[in-house]
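2 protein chains.
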Amino acid sequence: MNISTEDVKKLREATGAGMMDAKKALQESGSFEDAVSYLRKKGHASLAKKSDRVAKEGVVTSYIHAGGKIGVLLELNCETDFVARNEEFKELANSLSLHVAAAAPIYVSRDQVPEVAHENEKNIYREQIKDKPAAMQEQIITGKLEKYYEMVCLLDQPYVRDPDKKVKDLIAETVSKLGENIQVRRFTRFVLGAE
Amino acid sequence: MNISTEDVKKLREATGAGMMDAKKALQESGSFEDAVSYLRKKGHASLAKKSDRVAKEGVVTSYIHAGGKIGVLLELNCETDFVARNEEFKELANSLSLHVAAAAPIYVSRDQVPEVAHENEKNIYREQIKDKPAAMQEQIITGKLEKYYEMVCLLDQPYVRDPDKKVKDLIAETVSKLGENIQVRRFTRFVLGAE
Numbered sequence: 000m001n002i003s004t005e006d007v008k009k010l011r012e013a014t015g016a017g018m019m020d021a022k023k024a025l026q027e028s029g030s031f032e033d034a035v036s037y038l039r040k041k042g043h044a045s046l047a048k049k050s051d052r053v054a055k056e057g058v059v060t061s062y063i064h065a066g067g068k069i070g071v072l073l074e075l076n077c078e079t080d081f082v083a084r085n086e087e088f089k090e091l092a093n094s095l096s097l098h099v100a101a102a103a104p105i106y107v108s109r110d111q112v113p114e115v116a117h118e119n120e121k122n123i124y125r126e127q128i129k130d131k132p133a134a135m136q137e138q139i140i141t142g143k144l145e146k147y148y149e150m151v152c153l154l155d156q157p158y159v160r161d162p163d164k165k166v167k168d169l170i171a172e173t174v175s176k177l178g179e180n181i182q183v184r185r186f187t188r189f190v191l192g193a194e
Numbered sequence: 000m001n002i003s004t005e006d007v008k009k010l011r012e013a014t015g016a017g018m019m020d021a022k023k024a025l026q027e028s029g030s031f032e033d034a035v036s037y038l039r040k041k042g043h044a045s046l047a048k049k050s051d052r053v054a055k056e057g058v059v060t061s062y063i064h065a066g067g068k069i070g071v072l073l074e075l076n077c078e079t080d081f082v083a084r085n086e087e088f089k090e091l092a093n094s095l096s097l098h099v100a101a102a103a104p105i106y107v108s109r110d111q112v113p114e115v116a117h118e119n120e121k122n123i124y125r126e127q128i129k130d131k132p133a134a135m136q137e138q139i140i141t142g143k144l145e146k147y148y149e150m151v152c153l154l155d156q157p158y159v160r161d162p163d164k165k166v167k168d169l170i171a172e173t174v175s176k177l178g179e180n181i182q183v184r185r186f187t188r189f190v191l192g193a194e
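Chains as they are written, first to last, in numbering that gives the first Met the number 0: chain S, 0 to 194; chain Z, 0 to 194.
Treat each hint with caution, since some may be false.
Note that identical chains are pooled: a pair holds if it fits in a single copy or bridges any two copies.
[Said to hold, decoys possible] EDC-like cross-link-like pairs, simulated, lysine to aspartate or glutamate; straight-line CA separation at most 20 Å: (1) 41 x 120; (2) 40 x 120; (3) 167 x 110; (4) 68 x 161; (5) 8 x 33; (6) 146 x 80.
I should point out that these hints are in silico values taken from the structure, not numbers from a laboratory.
My request is simple: use the sequences and hints to build the entire structure.
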């Protein structure tokens, strides 16, 4: 394993271990995960949550609908704390949470759709249109996939409060106003009693 | 595949398909999932979310900490809508959300700890105490596992507002007051910028 200063720093952040212990752990282990286990075995590491220490700006926001029947938790990222505290940024986060509660997307963006789901959709479409002329089939499938993305991907969904624009357009408006990259990092949606 | 009225009902709820279509789909398919695909291929099913229709009572609640740096979404279940609307029940849900924000559990209960995580912990402990007498080792490992559960399992954690009791004791108090089974179904915790 190649030991870089970056690796040592990362391991120290992840475990709270000292510099020399972290170096030794990396030298004697095959991977970052093994180095963490090594340090814990030696008693040099706590169950520290490295995830809590990665720095990024933005806001975590929530929206509870229908008196607690639906709940959404959403993280919206930006570049600076200055923008994170801006009212328009916070309002965008709230609007997105409300949208997720209403429109129930599954993914943030189309690149998050798993390959297997993607293939499954295509197979279903192929079966549905097998009687159409071959020359038309690819075009129809592309069109159906676009509809699928609009159904399951937050950024491609029509914005519930103004269906003429997509959610990504709504975000782009705030980006151009505030001049910072803004990204929906993740969201979770709970429906009471759902599986 | 054995076709029961229950299966047909479930498939109809999941897809919005008619009675005869659902029956036929089940007869011609090897599994419930295949029947859903079959119906979609035939155009008899939408991408309906069956999960939205399963009935259970309770509340989805959220807690946002530190001006949006940490967020929690939590589902607390009970048996009747009557209890779901009870103030003490709702207060319990809020207390649990706040607790999750502060104490960062990973699992609801110890039976949710994956076998591999469980084994990994035990291996680390074995290494840590390999110089102790063999007769003591099992006892020490059991003790360390208890500490681990108190660290990662919500129900086993000391309640942040009153560390003399565990979270499961807090829930048990409300159960005995309201006379219904109450269960934390699931929770999600986002830390801004965390992985």
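Each hint tested on the structure:
| no. | hint | verdict |
| --- | --- | --- |
| 1 | 41 x 120 | between (50 Å within a copy, 13 Å between copies) |
| 2 | 40 x 120 | between (47 Å within a copy, 10 Å between copies) |
| 3 | 167 x 110 | within (14 Å within a copy, 40 Å between copies) |
| 4 | 68 x 161 | neither (24 Å within a copy, 29 Å between copies) |
| 5 | 8 x 33 | within (16 Å within a copy, 49 Å between copies) |
| 6 | 146 x 80 | neither (36 Å within a copy, 37 Å between copies) |
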